[in-house]
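S.K.: What follows is the residue order along each chain.
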Amino acid sequence: MRTLPHWADVVLIPLISLLLAGLLSALVVLAIGENPIAAFKLMVEGSLMRSSGWGYTLYYATNFIFTGLAVAVAFHARLFNIGGEGQAIVAGLGVALVCLYIPWPHWSIALIGATVAAGLFGALWAFIPAYLQAERGSHIVITTIMFNFIAAALLNYVLVNLLRPAGAMDPASGPFPEATHLPTFQALFSTADTPLFRGAPANVTFFLALIACVLVWLLIWRTKLGYEIRSFGQSETAANYAGIHPKRTIVIAMLISGALAGMMSINTTMGEAERLVLNSVEGAGFIGIAVALMGRNHPFGVLLAALLFGFLYQGGAELALWTDIPRELIVVIQALVIMFTGALDNMVRMPLESLFAMLRRGNS
Amino acid sequence: MDFLDILQVLDSSVRLATPLLLACLAGLFSERAGVIDIGLEGKMLVAAFFSAAIAYMSGSVWVGLLAGIAASVALSLIHGLASITFRGNQLISGVAINFLAAGMTVLVAQHWFEQGGRTPSLTGAGRFESVTLPLSETLRNVPILGPIYHELISGQFLLVYVAVLIVPLTWWVLYRTRFGLRLRAVGENPAAVDTAGISVTRLRYMAVIICGVLCGLAGAYLATALQAGFVKDMTAGRGFIALAALIFAKWKPWPAMWTCLLFGVLQAVALRYQNIEIGNFVIPVQFMDALPYILTVVILAGLVGRAVPPLAGGEPYSKER
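One line per chain: the protein sequences are X and E, in this order.
Numbering (my numbering) for the first sequence: 1 to 364.
Numbering (my numbering) for the second sequence: 1001 to 1321.
Hints are computed from structural coordinates only; laboratory data are not their basis.
Just so we're clear, the structure is a prediction, and the values are computed from it rather than from any experiment.
Careful, some of the hints might be misleading.
Stated by the list, open to error - Below, in silico cross-link-like pairs of lysine to any residue (SDA-like), each with a Cα-Cα straight-line distance of 20 Å or less:
no.: 1; chain 1: E; residue 1: K1232; chain 2: X; residue 2: L278
no.: 2; chain 1: E; residue 1: K1250; chain 2: X; residue 2: H139
no.: 3; chain 1: E; residue 1: K1250; chain 2: E; residue 2: A1301
no.: 4; chain 1: E; residue 1: K1319; chain 2: X; residue 2: M350
As the list claims (entries may be wrong) - Not everything, but these chain X residues come out facing chain E in the computed CB check (under 7 Å):
no.: 5; residue: L132
no.: 6; residue: R136
no.: 7; residue: S138
no.: 8; residue: T143
no.: 9; residue: I145
no.: 10; residue: M146
no.: 11; residue: N156
no.: 12; residue: Y157
no.: 13; residue: P326
no.: 14; residue: V331
no.: 15; residue: Q334
no.: 16; residue: G342
no.: 17; residue: L344
no.: 18; residue: D345
no.: 19; residue: N346
no.: 20; residue: M347
Backbone N, C-alpha and C fix where the C-beta goes; we use that ideal spot for every residue, glycine too.
Use the sequences and the hints to build the structure in full.
M.R.: This is the structure we're talking about:
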């Protein structure tokens, strides 16, 4: 029995969940003695009312689009990739190596090279958990969590012992050469009279993220592979009967997921820092979980949810700057969004279902 | 490295293994009842914060301990609500709980103490002292056994002894009581338990609450015994190491203790020796940090036999089906 119309499932439930999360967040702000309405106004002003605010919002959103797509693709195969963080860390290493050691003539070619490197390194880091899940049945959630920690230790080692320029104190690589610097929105859209996106880190990687959305949509709904991934996620036994190779599907879905998560490091490493630093991922891999859940695993939904989280991140930074509310408020909001859109889905769904059932009975 | 060095490393291993063991046993109760819990980390973290904060305000570590347990159980109940009552995804609920804890502890700490997300240092009755067992000084000079008793067995925190006692207690509850039998059954085949007229929901909530209490002890130990106060993100992945230990130990209490001790030794060695030189070869400290995680992956890969989780783990139970 389908009890909910499609639009309610796709639009109404996420909206109600979001509203609940927002309401609870407002209560939290109230509880620590601040005004939630003033806080919200400040967030909107700082992230959406100025072009430089948008520059930050879109920069963060770029990261979240990639990690959100990564989680979504894995979800379609009923795999929970909680290792986006580690995959992005290792991919950052790939981007750095490509930028530092290959003499690129122009940023556009360097971007292609970096995309390949980020995808390869990210996929590589997802490969072992995927292989272990497929061949040995080791739970992918646990292995990807472990790989996050291993990735952090690996990056620490490489930065401190190998990539750090002689005499430098902080664990970071040397600056990337000029030719690999990606054009920022400021350089792209400002004219002599109207400077736009001043000082903001948003760069061409954002368009790469949009392309990724389209490609993932094509992959999931318009290719044989996408069909295999979805049917495997719906029912492993049915997929098996249909001749879909389960092990192959697990590994391929995870490789794509890892590659997507890895590509966010193009934005942070090549686009913003222009060198490899220790904590460039900063939890974006985990935010991908919230983004995928809110976006209902659909690329367009992921895009919208990523923009929302971009707004929250930039708004949260503004709050920390101008009020006594710490940035961790964003972590709380993120937790509530994951809780309501993910785990407590039925809490919203069950009353709605009975409501719609009642309406239907009234009509007939 | 002489005998005393070894004893000192073992001593600090026991200290570091204790929070792992408590959290591991917490996960054991929950997962044996069929509720997967990757929110151990978050529960430890809130317990660490509230135990330190309330111990500081009240001046009593015992009041703090109770507050820590209460906070941890509160998160357990949220996990229960999501994964038992509303039959949601247990993994996602765990992730949410970890973030909720990471954010809320700093938010509240900043609001209460304004010290950048930490609590003031605990002193005197606000902190657990180490317990000196009887005859520790007298027996000190007995060869071999004397130093072991003096350095290793005596002089630990009270919660260390409690943790070690909870291991046989857990074994007894799981394998020798009716409650334990039902708990294990509900993790393997909830429908059978339901058919026998026993409430699956009630049993799973009990398991989740026990898990909360044990995580509360683990967190309180971190902030009021091992260290004197709460700092931001002080659990530092211990909840995940405990989860790893649980798999390593195949969801059994005694193996859980040995696994946590092994991981404790790894942490103690990494803490004490930093970069270890063997001849010309240097083992970097980052490798030691990553070793528990690497070992877990090796074990998950099936090199030490297969780890078979409780059958109904992660599956919400609904009567209709």
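S.K.: Next step is simple, just say for each hint if it's right about the structure.
M.R.: Hint-by-hint comparison with the structure:
About 19 Å separates the Cα atoms of K1232 (chain E) and L278 (chain X), which keeps this hinted pair within 20 Å; it holds. Taking the CA atoms of K1250 (chain E) and H139 (chain X), the gap is near 13 Å; set against the 20 Å cutoff, the hint holds. Taking the CA atoms of K1250 (chain E) and A1301 (chain E), the gap is near 14 Å; set against the 20 Å cutoff, the hint holds. Between K1319 (chain E) and M350 (chain X) the alpha-carbon distance is near 16 Å, which keeps this suggested pair within the 20 Å criterion.
Look at L132 (chain X): its Cβ gets to within about 5 Å of chain E, closer than 7 Å, so that hint holds up. Hint on R136 (chain X) holds. Least Cβ distance to chain E is approximately 5 Å, under the 7 Å limit. Evaluation of the S138 (chain X) hint against chain E yields a held restraint, the C-beta minimum of about 4 Å falling below 7 Å. Annotation: T143 (chain X) was flagged as interfacial toward chain E, and the flag holds, the nearest CB pair being 6 Å apart, inside 7 Å.
The restraint placing I145 (chain X) at the interface with chain E holds, with a minimum CB-CB distance near 5 Å, inside the 7 Å limit. Here the hint on M146 (chain X) is kept, as its CB sits about 4 Å from the closest CB of chain E, short of 7 Å. About 5 Å separates the beta-carbon of N156 (chain X) from the nearest beta-carbon of chain E, less than 7 Å, and the hint is met. The beta carbon of Y157 (chain X) comes within 4 Å of a beta carbon in chain E, closer than 7 Å, and the hint placing it at the interface holds.
The beta carbon of P326 (chain X) comes within 5 Å of a beta carbon in chain E, closer than 7 Å, and the hint placing it at the interface holds. Of the supplied interface hints, the one on V331 (chain X) holds, with its beta-carbon coming within about 3 Å of a beta-carbon of chain E, less than 7 Å. The interface hint given for Q334 (chain X) holds, since its Cβ lies 5 Å from the closest Cβ of chain E, which is under the 7 Å cut-off. The criterion of a C-beta within 7 Å of any C-beta in chain E is met by G342 (chain X), whose closest approach is roughly 4 Å, and the hint holds.
Residue-level restraint check for L344 (chain X) holds (minimum Cβ-Cβ distance to chain E is 5 Å; threshold 7 Å). Hint status for D345 (chain X): holds, given a least beta-carbon distance of 6 Å to chain E, under 7 Å. Against a cut-off of 7 Å between C-beta atoms, the interface hint on N346 (chain X) holds, since the closest Cβ of chain E lies about 4 Å away. A hinted interface residue such as M347 (chain X) counts as satisfied when its beta carbon comes closer than 7 Å to some beta carbon of chain E; here the least separation is about 5 Å, so the hint holds.
Hint compliance for this structure: every hint is met.
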